Amino acid sequence: MTRPANAITRYTVVNRVNHWITAICFVLLTLSGLSMFHPILFFLSDLFGGGQWTRAVHPWIGIMLLVSYSGLIIQFWRENLVHKDDIAWMKSIGYVVTNDEEHVPEVGRNNAGQKMVFWSMTLLIPVLFFSGLVIWEVYFGAATSIPVQRVAVLIHSMAAIAAIIVWVVHVYAAIWIRNSVRAMTQGYVTPGWAWRHHRKWLRELAAGQHDKRTIRKHP
Amino acid sequence: MTNTWQDIKNANVVIVMGGNAAEAHPCGFKWVIEAKIENGAKLVVVDPRFTRTASVADYYAPIRPGTDIAFLSGVIRYLLEKDAIQHEYVRAYTNASLIVKDGFAFEDGLFSGYNEETHSYDKSSWDYQLDEQGFAISDDTWQNPRCVINLLKQHVARYTPEMVSRICGTPQDKFLHICGLIASTAAPDKAMTSLFALGWTQHSVGAQNIRTMAMVQLLLGNIGVAGGGMNALRGHSNIQGLTDIGLLSNQMPGYLNLPTDKETSFDEYMKTKLFKPLRPGQTSYWQNYRKFVVSLQKALYGDAATQENNWAYDWLPKLDVPLYDIIRAFEMMNNGQMTGYICQGFNPLQAFPDRGKIRRGLSKLKFLVTMDPLDTETSRFWQDFGPQNPAKSAEIQTEVFQLPTTCFAEENGSLVNSARWLQWHWKAAEGPGQAMSDIWIMSGIFHRMRELYRKEGGAFPDPLLNLTWKYTDPVSPDPEELAKEMNGRALADLTDPATGAVATKAGTLLDGFAQLRDDGTTASGCWIFSGCFTEKGNQMARRDATDPREQGIAPNWAWAWPANRRILYNRASADPDGKPWNPAKPVISWNGSRWVGIDVPDYGPTVKPSDGVGPFIMNAEGMGRLFARDLMAEGPFPEHYEPLESPVENVLHPKVKSNPAARVFADDRAAFGSPKNFPYVATTYRLTEHFHYWTKHALINAILQPEEFIEIGEVLAKEKGIEQGGWVKVSSKRGEVVCKAYVTKRIKPLTVDGRPTHVIGVPIHWGFTGQARKGYGANTLTPSVGDANTQTPEFKAFLVNVEKTKAPAA
Amino acid sequence: MSDLQSQDYVRRSASTMTPPAARSHEDQVAKLIDVSRCIGCKACQSACMEWNNLRPEIGYFEGSYENPADLGPSVWTLMKFAEYENEQGNLEWLIRKDGCMHCEDPGCLKACPAPGAIVQYANGIVDFISDKCIGCGYCVKGCPFDIPRISKQDHKSYKCTLCSDRVAVGLEPACVKACPTGAIMFGSKTDMKDWAGERIEELKSRGFDKAGLYDPPEVGGTHVMYVLHHADKPSLYSGLPDKPRISPVVGAWKGIIKPLAVIGIAFAALAGFFHAITIGPNEVTDEDEVEGERVLHEAESEKSP
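Chains as they are written, first to last, in the working numbering: chain A, 1 to 219; chain B, 1 to 810; chain C, 1 to 305.
Quick caveat, the hints were computed from the structure, so don't treat them as lab data. None of these values were measured; they are calculated from a predicted model. C-beta: ideal position from N, C-alpha, C; glycine also. Possibly wrong hints are sitting among the right ones.
With the C-beta cut set under 7 Å, the calculated list includes, among others, these residues of chain C facing chain A [what the hints assert, rightly or not]:
no.	residue
1	GLU87
2	PRO115
3	CYS136
4	GLY137
5	SER247
6	GLY251
7	GLY255
8	ASN282
Just chain A, same shape as in the assembly (with noise of 0.2 Å):
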């Protein structure tokens, strides 16, 4: 891989392969999802070899997104605990979407946004899980009664429908923010992208409060 002299790590490899595990099983599981939830998506079966097949195949990959997303959660918990300065992010949204970030407060390694994707994601898959586990008919048709697989279905549509929103803000936050992409592909991201976005995560960087391995040596 070549990077700059000067890159910083921002994402390790295991944080990057996890990522990406969580991010096909959760696209594979909206299409899959999607194709069930809505006749005008029912085409989208056709992915995965048909009904059938998508029926079949949802549940286990819903599985493999909890133990995924499980993996996301160990690495990090940490870096999105809430802070005070979360809420100085918040209320100058409106700088952020501009794209006017001298107006915005320093932001450590995660802002409130990121934050609360990560929440957001904590939460739902979760809930995803446990509804998606209720009105898994194969294995737990027989388990609970058919009120609470009602119920169970219309949450685990609603909380699906919440996790693709946070997913769409998620995703087009990395196209909009450039170069975030690279830092989830390649791993690093340049100072320039750190001090424009990151800069109290920067500057924590410089004052070596991180892993040394996060930044090269200065050549």
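Following the hints, complete the assembly by docking chains B and C onto the known chain A.
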């Protein structure tokens, strides 16, 4: 059935007592529903359990098993007391007016003439007072205290509603409500039909149960009319045919009696069968008995039966006991007196009482031949199937030959249904594997036996050697040929006695039993079937459902014995002048010159009403009998006797608790339990989902009712800690059944003689072969005692204990 | 069971297209079950098994005459038995043939996500088209009567077809043919209602004041109707729903949530799109890089000896 299935729809009241028509006869039960919907009929059910029949009934009352006579005697008392009888009918058509001999008496539960040692009666006093000409004396004013109606009144006086309730456990109000419903059919234009089955026959007083209801029906004028009658719902598709064709050990085809060893000559035999009319001018149709017997002998022995050898009378077996019923047969097997057994279409290990005794009996045989379409328990009695059949194979020396047979759908033939219809059926499929027809097997045995006798002689080979066997295919006679043989044919030209002209040519099939002769010129294998297969063809194969007046007669559908009559005693459907009692539903009527109507008259077709010939033409007095003369074993009037195993004393006469005429073998008596150890009343029965022990071999039936269970009321279950669907052990002195419990509201404790009495229901269907789950079989529990007249086992009332238990070892 | 009658469909699950409606002149059919004539003989159950070639496992005795113990993928109809003690203290044994009610407004069809897996014919019969079924079990949740069952073998949903194959060629359903007491009738819904009316009159004359027809309007009526002696209390009959309706939860899931979801997701996506074309990407500038480098350098030099 005196009437037909279809005719049930004409009833105003349908009483199901001693049966469970909806469950055991669901197809025929459609006519009960029809009666309710189209005729506004009320359905009354009296049963120890709230059955599926009760579920569609208008009125249900519970009754303790084995107390039907008390209930019905109470009904008779009610009818007589309220004068709710059809007077004109009773006077004209029953023996109510006839005077009974002075010697006849009833005291302390016994009728006159009882012999305590033989458990039987000298019945000479059970008869009418006769005048010089030998006719019964009558008092049409009913003033004479010895006339039948007054003796009956006196006899049933004890059966007050209080007494009925005390014996039967039926609440008085329910009993009286039912009395009222029954009484409503005393009106000449109203009819009640009685539907019964094994719930009445399978008692030590079985025949009397039925007789009591027959008396009720006579008093109400409900015999012979549309929507009336005594309707025995036969359990097996051809069990009516079995009795018709004389497969009981004391009978020959057409209800002719097999000779006894006292009747050493044909003349001696015929002496008791003269049936001289007991009232002037009566038909007394059994006067033709000799014609029927001679024609039967000609059918059996052909040319070998001659005037000179008394129509081969000597070749008939002679009974040394009243009958060789199955209970006696197994007693004899157990005693080593019977060592071989050909068991054709029968599964006694499941079907007969005291299973342990049946198994022991089979184990002592030299050989057992089973002929059956199914792998029956009987043919596997020797095999260890665990607790459900704990046989010790190594100790059993019986050689078993299992011959698979075809079933009804794999052969042509006829079945006789409950309504006495002979219905022809056609082969639908080939039998599986090596299955052969019963006819083929029996022919084979016959030919080989005859050959052995021919070669080796023997003590008395004549009956076998002389048997006529002139069939086109002697190895497997064609069912049509057999049917023709039963119908009968002329052996010589038959002339009309009036004109002398030849009326029936030699060799032609007869039109009916009226053509039978006692001079050897006719042959008929079963006189009552005569007319079923005539020169016009196979009458049993007719399928014209046209039904004049839509009254359920359909005279051109198949053929009914006798003489295609659909309603027996139908002369009684019209008043003495020949006008129908119920103008809305006439059966036959007198048009001034002959009897006309939708049915074949059960009467001389041109006998004038003014001739005073009674409608009950088979009876010597021409009347329906409220007093049975000497025809019943335990008395001319029915009397309540407790089942042989009963939880209470007989409150009417403690000294005579149970049927005094019942035959009980000593070892069987020793196997009776007492209420001390076995405090609960049990009764056995069938469920809709199964037919006896057959359908457990069929997958769908096994799915619908897979596993053995008993039914127990909630109160007793609670007392015993028995849970819904939990395991219980039901035991009698003869054995035990471990199965699941159905705790139900449908069986309630009855208050009998002031004490709560619990009833336990034991369905019979499970055994150890077939597709359903293995079961112990209800007959493990049942006592080996039969009805005093027929020896039909007392499956419906006996004593058990019940306990909570664990599942049996697999 | 077959998809060959597509021109007869009036409803088709998960479909965005309206079924062809040219064949509008077809009588609505109905099966009428008169529980007052039913003797619980299970002839209907055996006929159903015979005609449809269904053979469930041989079960166990489970404390009632109900066998098999429940409806199943190969148990499309089941006699249910309820022991009921009425106000007079008399026992009534209420026996009811359970199975698909063929709702005019079928909850199963509403819930089904697989296009064409559940259809309703013009005659009113609701049928499962097995080759399209994905086995998700949504129909189970949609049904107000607890009828469909998913097979563990082939993961398809099954229920009574009202013998749509027989009806299509002018025969009555197998259960109707087998019923010995005429408790199950079949014909046009109008005729069945008329006949039910007569039966109800007759039952009232026998003292069942509350006799009535069960044709619940909450699901638009059904194509399997009951004559009940206690029409005021359907639940006495082994839990026949008093007021069956498609659960509001299912209604929400299949109703309002769907457009809300589409709107929500679309809104999020569109918001992103318009943000992109109005405000555009947030890119790192050269000054940012300089500043970044500076911070790192300063730190480096501070640490350097």
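Structure-based check of each hint:
1. GLU87: 30 Å, violated
2. PRO115: Given a least distance of 5 Å, the restraint on PRO115 of chain C holds.
3. CYS136: CYS136 of chain C check passes; min Cβ-Cβ to chain A is 5 Å, inside 7 Å.
4. GLY137: 3 Å, holds
5. SER247: Constraint on SER247 of chain C satisfied, holds at 5 Å.
6. GLY251: Where the cut-off is 7 Å and the nearest Cβ of chain A is about 10 Å from GLY251 of chain C, the hint is violated.
7. GLY255: 11 Å, violated
8. ASN282: This interface hint holds because 4 Å falls under the 7 Å limit.
Of the numbered hints given earlier, the model fails hints 1, 6 and 7; all others are met.
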